[in-house]
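Chains as they are written, first to last, in my numbering: chain A, 1 to 196; chain B, 1001 to 1526.
For the record, the hints were derived by calculation from the structure and aren't laboratory data.
Cβ coordinates follow ideal geometry from the N, Cα and C atoms, glycine included.
Label-pair restraints from in silico Cβ distances: (1) T1346/B / A84/A: 48 to 58 Å; (2) K41/A / T1346/B: 40 to 50 Å; (3) R1225/B / Q189/A: 39 to 49 Å; (4) E1246/B / K41/A: 17 to 27 Å; (5) G1425/B / T65/A: 39 to 49 Å; (6) R1516/B / Q107/A: 44 to 54 Å.
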Amino acid sequence: MKRGLVAGAVLLCALPATGDNALLTLPVITALTSIDALPSKAALDDAFGAQAAQGQLLAVAGDHTTDLGIELRAIRALPAYCPAPCGPGEPAHDGLIALIDGFPAAQYTPQDLLRLRAAVEALGATRSMLASDVTELVPLLDHGSRDVRATVVRALGSLCSNAALGPLEAHYPDERFLQVKYAITAAVQALGQCGN
Amino acid sequence: MLRGSRWLLMMLVALAGCPGGGGGIGDSCGGNDDCDGTLQCLNSRCVPRCRRAPECGDGFSCDDRGLCQPASGQAGEPCESEVDCAAGLSCQIDGAETDSNNRLLSHCAAENSTHPAGAACDANQDCRNGTCALGHCVDLCRESRDCAAGTSCVNIPSELAGNALFAGCLPTQGVLTWSIPVASPAAQILLPVPDVARSAELVMSIADLGQKVGASSVLSPAGLRIYNLPCAPSASPCEPDRALDEFFDNEVRHLPDFGQSVLAMPSNPEKPLRAGIYRVEVSSFQADATPGSAIPRVTAVVQLGSNGTLDLHFFFLALDDHPCVAMTDGETLSAGTAQRAAFFQTAYLGELSRMIANAGLSLGELTYETITDHPELDGLDLSAAGALFALGRFPTGINVFFVRSLSPAGVQAFGPNPGPAGLGGTRQSGIVISLDTLCYRDWPAMARLTAHELARYMGLYHNVELETPQHPTWRDPLGDSDDSSNNLMYFSERFDPSTGAGIRLSAGSELSPEQRQILTRSAVLR
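Bound conformation, chain A alone (with noise of 0.2 Å):
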């Protein structure tokens, strides 16, 4: 919860002032609405300039006033700005933190859903192989969107962490989702080849 906080403060401090969409100059927009791939870090440092790019990106990717496109891009771009090894520390990883401790699983909307995912997916991109990453994501193979539960099983596959085997394999027999299904197989498979 402490790590929770940490996290968060990280991001707000990253965050403009609320709709503040100073940021976003025409560079940064190309960047972030490209349409069939994501872009390369070279273009994101083009777009943000090389020094501002990691910090500049944590704010777009927490301000839910821009346009989602762009936030789930930005998001999903924090990996690049997490060199191994990835881990609490690196604002990157702990922005990715805060966004996942920040869904308010109370009442959310299609849009939240789709950060989330995100998140969860670029937290596993970052492959830390760390124990609390996988930690942080387990209760997340609970919640009521397969489509969440099978972006968690993926990243949980990603992190290559050992720690991710026995939660997997746990939830295996209650989720009636062929699609998740699948994906904890393969999940399980890519664990294996991760040789840790």
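Please arrange chain B on chain A, whose structure you already have, making use of the hints.
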């Protein structure tokens, strides 16, 4: 040659009428003057005048007055066309011998007891008339009147004789597809391109999805190198920017890919196809760009002409309980819903149809299917796109898949660039659209996404890339497309500064004349 047509004439003759000038169909006659002006006297009966030689039967030509003329060519005598040789004989090419115009010589020889013109073949002896070209049995001809209805007399290069040409009957419209055998992981293959071809492609695939496959070089019929394999960033000393520089510098855009790749020509209508033999080095590669061990399978596809009609085949994965269900009027998007709901038929297809018309094309047949037996593909990780596209079984038109979501998050649509036009059921036979996009975009925006990916499948490239400001050559190869965000091929959703403060994203669908030319040449059209 088409003995059935002769039987038809004989049947007509059997319906004999009375002799005399101005005779009708089936009347007996001694010469053409005995028959009505629209008829001719053949085998002592008045029959309709011909438009094509096969209507006269084997051993006849059809002259410019519509009269069937018996052929006199005997075995061993020179010929140019199938209609030069008497019944029971066919006009066959004499190996690689050519005349002063570099045309292959031919002579009359006994027909084989094998496949008729138009049938698939691997070698000349597979064909009744002794010529197998572009994977199909072909009759030699002098003009289109020598060929069956629906086919034309065109110049075809011979794989056996350099760039020497012969005239043969090919379909006037449509797509020709054939396999080119490859026996080793790296080999040179020959791609014969007839003079009427509007586009040509090679689809190269291997069973080992851990290896890449593709072309490493392409020589034009004139012997010019029009494609050279870009260096691989994984292989020192190739920097990523240099690899992309080399990719964009090629006259023909192509990159080997895991499992399957497509080499499509032309990439630029200012550098059109030439009739002749293209020499293509095909190879498999390991992931680190070293030589591969898999033997490529190669399929050639040539577009000979079309009416500009684009069929679309929609496939809907299990999309129930999707969070953006408000955009589908509270209903699950499926084959049934899509066929009747206004949001799909009007807001989406209406806008898509407008964009396709802007390309000079028209929407043709639309089919709809729901896929419920592949739950592993409902939410698609792009690394598994090949398994989804392999379900796109339609070779004509383009298969369009709607999935719940795409991973990586933020990717709204995806498809091969270019796709295997004219081939169904391959790992690249389709494009995919994420329904998640409806949580923040409307149906007309979905139509623009779809049109963008369809155009990439058909051979267009982004007019500019995100990195173009830093790398000016990283853009499409066309001379008349600008950098405008209003262009359909702009790499990102368009930012519209005219809306003033705030962010407004909307659809640009403009196309340049050369972009339209590329689209109208695609083998997906009918």
